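Undergrad: Spelled out, the chains give:
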Amino acid sequence: MTDIVDYQRPRPGEQPPYLHPDYKSTVKRAPTQKLVRIEHTLSEVTGPSFADGWTGPDKADLTRQGKGEPIGSRMIVAGRVLDEQGRAVAGTLVELWQANAAGRYQHEMDQHDAPLDPNFTGAGHVVTNDQGEYQFVTLVPGAYPWRNTPNAWRAQHLHFSVFGPAFATRIITQMFFPGDPLLEYDPIFHSIADEAARDRLVSRYDPGLSVAEWALGYRFDIVLRGRAATPTGL
Amino acid sequence: MRLIPTASQTAGPFFRFGLDHPEWSDLTAGGRAQGERIRVEGRVLDGDRAPVPDALLEIWQANAAGRYAHPEDRQEKPLDPDFRGFGRCASDKDGRYRFVTVKPGSVPGRGNTLQAPHINFCIFARGLLKQVTTRMYFPGETLNKSDPVVSLVEDAERRNTLIGQAAGQDGATKLYRFDIVLQGAGETVFFDV
Chain Z
1 MTDIVDYQRP
11 RPGEQPPYLH
21 PDYKSTVKRA
31 PTQKLVRIEH
41 TLSEVTGPSF
51 ADGWTGPDKA
61 DLTRQGKGEP
71 IGSRMIVAGR
81 VLDEQGRAVA
91 GTLVELWQAN
101 AAGRYQHEMD
111 QHDAPLDPNF
121 TGAGHVVTND
131 QGEYQFVTLV
141 PGAYPWRNTP
151 NAWRAQHLHF
161 SVFGPAFATR
171 IITQMFFPGD
181 PLLEYDPIFH
191 SIADEAARDR
201 LVSRYDPGLS
211 VAEWALGYRF
221 DIVLRGRAAT
231 PTGL
Chain A
235 MRLIPTASQT
245 AGPFFRFGLD
255 HPEWSDLTAG
265 GRAQGERIRV
275 EGRVLDGDRA
285 PVPDALLEIW
295 QANAAGRYAH
305 PEDRQEKPLD
315 PDFRGFGRCA
325 SDKDGRYRFV
335 TVKPGSVPGR
345 GNTLQAPHIN
355 FCIFARGLLK
365 QVTTRMYFPG
375 ETLNKSDPVV
385 SLVEDAERRN
395 TLIGQAAGQD
405 GATKLYRFDI
415 VLQGAGETVF
425 FDV
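Those protein sequences? They're chains Z and A, same order as listed. Anchor point for the first sequence: position 129 equals 129 in our numbering, and the numbering is continuous, going up by one each time. For any residue, its number in our numbering is found by taking its place in the second sequence, counting from 1, and adding 234.
Extracted from the complex, chain Z is given alone in its bound form (with noise of 0.2 angstroms):
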């Protein structure tokens, strides 16, 4: 006998479904049979740890990790890992990937014309602090074209992949810059029906973040699922 407390569930439109037409790769991998709906067992309440470093010394300055300085406009962003309560996530690790200033992936597959930047890899993690504080050093990616309709174009954007305390809190998602004019374009980001969900994907200028004559700084906070106030059955 195990007393499990459930992660909430979201509301509806604050999640993007899996079958969005406008995103054309959706069509043809979206599941179409209705997903079967599990209570939490121990399998979905429990997850990986990274406290314990075995990933490795923290990489947060993506501009540190070539023989010279790579080209774009440094930025800083920072932000906490919380859950719905806005408790603190600790210990949990947070990887963060993205395009060059000019809009390019050091990725085989991206062809787009525009140039790879011998000095940027565009990879980093780091595993949050007691307050679930995390912060990286970058650059502003570039916008970049992309082939799902007629001169389409992605709204510049990181990637963050994020663990949380448990396999149901996993999540992998995209900050977003304010202001950007791409964002009433993107399918990608509008495939959240949501405003207020949708905003929670941008980030926000920071000036006190920001360090005079070296960095612009963005906050992003990223939210996990939380959980009910008290276990099913008590």
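Keep in mind that the hints were calculated from the coordinates and are not lab data. Honestly, I wouldn't trust all of these hints.
[What the hints assert, rightly or not] Computed list of lysine-lysine pairs in BS3-like fashion (alpha-carbon distance at most 25 angstroms, straight line):
| # | chain 1 | residue 1 | chain 2 | residue 2 |
| --- | --- | --- | --- | --- |
| 1 | A | Lys337 | A | Lys311 |
| 2 | Z | Lys34 | A | Lys379 |
| 3 | A | Lys327 | Z | Lys24 |
| 4 | A | Lys408 | A | Lys379 |
| 5 | A | Lys327 | Z | Lys28 |
[Claimed, not checked] Have a look at the derived ranges for each label pair, beta carbon to beta carbon:
| # | chain 1 | residue 1 | chain 2 | residue 2 | range |
| --- | --- | --- | --- | --- | --- |
| 6 | A | Asn346 | Z | Ala152 | 48 to 58 angstroms |
| 7 | A | Lys379 | Z | Ala196 | 37 to 47 angstroms |
| 8 | A | Gly402 | Z | Tyr205 | 49 to 59 angstroms |
| 9 | Z | Arg64 | A | Asn394 | 49 to 59 angstroms |
| 10 | Z | Val211 | A | Gln309 | 41 to 51 angstroms |
| 11 | Z | Val5 | A | Pro312 | 18 to 28 angstroms |
Note that the structure is predicted; figures quoted are calculated from it, not measured. Every residue, glycine too, gets a C-beta built ideally from N, C-alpha and C.
With chain Z fixed as given, assemble chain A onto it according to the hints.
TA: Just chain A, lined up with the frame of chain Z:
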């Protein structure tokens, strides 16, 4: 006060340089983990049965004794210092993946139920705005019939998509095949967790 949870977005096609650590597909710490050594391999296929070459698979499982390496698993079963229970593998150009691990023991379900041995899978990819989640069970396990999660799937043919297929042995390692069909005929059962 409730904060709106962060929405999922696709991993896209270009995650490999950020997320792929090929060594994470071996969960046995170079063979030191206790238990029956197994290899789980298969393909990720789309609605046209075409391979998905840009999928990222992650697995999470109990150790050979049936205990998760996590503080909320307070069972009086031994932990294995050489087994973390987490693996990650990016699919190749043919949609193939492969994990080397140990067969998990059974773990409790809700109430007084017992879950059959299983490996939890989640799959990210271009075209998946959020991960799909499934489980691989083992063929021929008596507990499969009474497993509280397998039993939620009414259709017997669909239930079978959750069972790995025995695929022989490689030395002392037992092989299991587990294809993941995202859509259409033979679509894998995915869970809303």
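Undergrad: Between the alpha carbons of Z:Lys34 and A:Lys379, is the straight-line distance 25 angstroms or under?
TA: Status holds; Cα separation ~22 angstroms.
Undergrad: Going straight from one Cα to the other, do A:Lys327 and Z:Lys24 come out at no more than 25 angstroms?
TA: OK: A:Lys327 and Z:Lys24 at ~20 angstroms, within 25 angstroms.
Undergrad: Just to be sure I understand the hint, the distance between the Cβ atoms of Z:Arg64 and A:Asn394 should be within 49 to 59 angstroms; is that true here?
TA: With a Cβ separation near 51 angstroms, Z:Arg64 and A:Asn394 satisfy 49 to 59 angstroms, so the hint holds.
Undergrad: Hint check: A:Lys337 vs A:Lys311, CA-CA at most 25 angstroms. Holds or violated?
TA: holds (15 angstroms)
Undergrad: May I ask you to test the hint 49 to 59 angstroms on the CB atoms belonging to A:Gly402 and Z:Tyr205?
TA: holds (58 angstroms)
Undergrad: Between Z:Val5 and A:Pro312, is the Cβ distance one that fits in 18 to 28 angstroms?
TA: holds (25 angstroms)
Undergrad: Determine whether the Cβ-Cβ distance between A:Asn346 and Z:Ala152 falls within the hinted range of 48 to 58 angstroms.
TA: Hint holds: Cβ distance 54 angstroms, inside 48 to 58 angstroms.
Undergrad: Starting from A:Lys408, check that the Cα of A:Lys379 is at most 25 angstroms away, please.
TA: holds (22 angstroms)
Undergrad: Taking the Cβ atom of Z:Val211 and the Cβ atom of A:Gln309, is their distance within the range 41 to 51 angstroms?
TA: About 49 angstroms separates the Cβ atoms of Z:Val211 and A:Gln309, which means 41 to 51 angstroms holds.
Undergrad: For A:Lys327 and Z:Lys28, compute the direct alpha-carbon distance and say whether it is at most 25 angstroms.
TA: Holds - the C-alpha atoms of Z:Lys28 and A:Lys327 are around 17 angstroms apart, at most 25 angstroms.
Undergrad: Look at the Cβ atoms of A:Lys379 and Z:Ala196 and judge whether their distance stays inside 37 to 47 angstroms.
TA: For Z:Ala196 against A:Lys379, whose Cβ atoms are near 45 angstroms apart, the range 37 to 47 angstroms holds.
Against the hints set out earlier in the document, no violation occurs for any number.
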